[in-house]
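Going down the list, the sequences are from chains A and B.
Here this note's numbering is used: position 224 in the first sequence is 224, and no number is missing along the way.
Here this note's numbering is used: position 172 in the second sequence is 1172, and no number is missing along the way.
None of these hints come from the bench; they were simulated from the model.
Beta carbons: idealized from backbone N, C-alpha and C, even for Gly.
Just so you know, not all the hints are guaranteed correct.
Said to hold, decoys possible - Mimicking EDC-like on lysine to aspartate or glutamate, the simulated pairs with C-alpha atoms at most 20 Å apart in a straight line are:
1. A:LYS105 to B:GLU1240
2. B:LYS1053 to B:GLU1041
3. B:LYS1227 to A:GLU118
Unchecked claim - Residues of chain A clear of chain B, computed beta-carbon distances all greater than 10 Å:
4. GLU118
5. PRO125
6. SER241
7. GLU323
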Amino acid sequence: MGTDRGSQPEIPLTDGTEPDGIPLLQIKALHTQFETKQGTVRAVDGLSLDLYEGEVLGLVGESGCGKTMTALSIMRLLPGNGQAVAGEIKFEGKNLLECSSEEMKRIRGGQIAMVFQEPMTALTPTMTIGRQISEAMEIHLDLSRDEARERALELLEHVGIPSPRARFDNYIHQFSGGMRQRVMIAIAFSCEPRLLLADEPTTALDVTVQAQILDLIKQLAQEAGMTALFITHDMGIVAGSCDRVAVMYAGRMVEIGPVDDVLLNPRHPYTQGLLGSVPSLDSKPGDRLFSVSGLPPDLASLPTGCKFWPRCPLADDRCREEEPMLEQYGESQAACWKVMPLRVE
Amino acid sequence: MFLYTVRRLAALVPIMVVVMLITFTLGYYGPIDPVRAVLGEEWEDEARYAEVKKALGLDRPFVIQFLDYMGAMFGGNWGQSLSSFGGVASDRAVGEGRGAGFSGTSTGVREMVVGRLGITAQLSFWALVFLATFAILLGVLAAVKQNTAIDYTIVTSSIIASSIPAYVIGPVLLIVFVLKIPVFKTVGGWDGMFSRQAILPAIVLAFGPMLVIVRQTRAGIVEVLGKDFVRTARAKGMPERLVVARHMLRTAMIPVLTSMGLITSGLLTGSLFVEQIFNIPGIGKLAIQTLLSGDHAVFMGVVLFQSLIIVTVNLLTDLLYGGLDPRVTYN
């Protein structure tokens, strides 16, 4: 993708279309693999993705499709023996996969921050929340302990923690799930990173809290003019928060485009399946939700051809043998031999 | 936490009463006759025997004697060593302590026990410092370098250090560092905790429990290595050193603290072997001396004090958990 972009007219960011210019983050043919007893697991399999300054890109797909592993590859924090074996991740022109571990430490937290899914386990239980926010600022912003403390107090206030001074020395077990995620967000924004990776930041929260946390992230990112990669499986979040959306399946991208276009005119049958499994206001009582049948493929032994064919209602011989590449359709791109005609509204 | 501490301290009283009852009963029905020990050669003189027995209050019934003893103990009067009576047994007791560098002039049991405990405590302090720094550091290193040559070397050498008994490693160190390479001129006795003489026995003392601390630290760190909060700390760009020190160590130290408590009790009740080998007049050596010489009052004092130490260290350990883990509450 990305080669035919130059001829497009300049479109404002908020339209959600691919803007001109050099992307802040450029992922090229990323392959992230895990060696297991069952063989090589291809968690990310040739993913290419550009993230432009100031945009919010939603990365969606089922559990295990490689969304989180993409983010952890960017951070170079893959668990176990996971490794980005091929490809490039260029951040501000620098290939992160070739950075020294010292350079990575400066980038992590300072340039690229990550908000994790589980606020219950993602914060250290034996350290005050205040210190967990301030310690990174001492490193990245070169603040003294007192200065970092003052800034942490401001941040706590800003993310909506009441009476920050009293809460600074609290531990995480004294906080609710939503409050913990606010702390997590304060940590992520503390060093004014340029890029935010949010890995299902609201999945573990109560529905009522989800919206608040989402609004908070949006508001802070907007204030800071931050670029964000929003990993989620919730199409509602994509519709409400993102400019563009990329759909992942079995470690690769199957569709990408402006949110409005993809949600209204999904080209890939998998995207259609994902959208069909969201209830809408138009559905009548008793209507059955559409769901993608079957299970995601075993990443250690992927099918030939299109990786989605075993679950695809439209698959034919060509789909089983030849893998489709991303092609431009209107404002979006999809990788499918059977691109659906536009849905009639 | 204050109330908790008070309650735990109050529980000390019944525990001490039970310990006293046991030691007193054992002493009362035991094979050593204090009257005979005091009299020495004279014990066959029946009139003299009865006189001394009455003087010592040993002709009264068991219950009265015990209550009297208990009252005196709680009152701070722990009795007198047999050596205060100048008998044979006490001569032997004093003889055992020869060259120990400890002036055994005091014959009050409490003074003797507290004095000896002071020496054992100084020695234990060094052993604990060694364990709390060196052994924990090795454990952390082994965990961070998990399944590498460094890890295997650390674990294997800890196994070796801990599996050689003190009565083997002690003499070996003495031969090497006193006879072969004379790093230390004199052996034995006690010149205070900052004297060179304290080094070898402290190392030997620390060797035994070292394996436990190394392994537990290693296991504790390995367990948190893959935790989400460690990943978060790394995602903040924290240097690995601080990730370990701030985010992993406290959690990993909880099981280590349990062991350190038990080890501290063990060290403070005196190492019979180490104090014997290095001829250090600590509480362990006092226990052996008085046990062999039949200096019953002192031996009971030692046992009582040792139980007091165990219970107190236990309480301290419990209080320290709260310092490590903020989720621990006391009520």
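Evaluation of the provided hints:
no.: 1; hint: A:LYS105 to B:GLU1240; in the structure: 9 Å, holds
no.: 2; hint: B:LYS1053 to B:GLU1041; in the structure: 15 Å, holds
no.: 3; hint: B:LYS1227 to A:GLU118; in the structure: 11 Å, holds
no.: 4; hint: GLU118; in the structure: 6 Å, violated
no.: 5; hint: PRO125; in the structure: 7 Å, violated
no.: 6; hint: SER241; in the structure: 21 Å, holds
no.: 7; hint: GLU323; in the structure: 33 Å, holds
Violated hints, listed in ascending order, are 4 and 5; each of the other numbered hints is respected by the structure.
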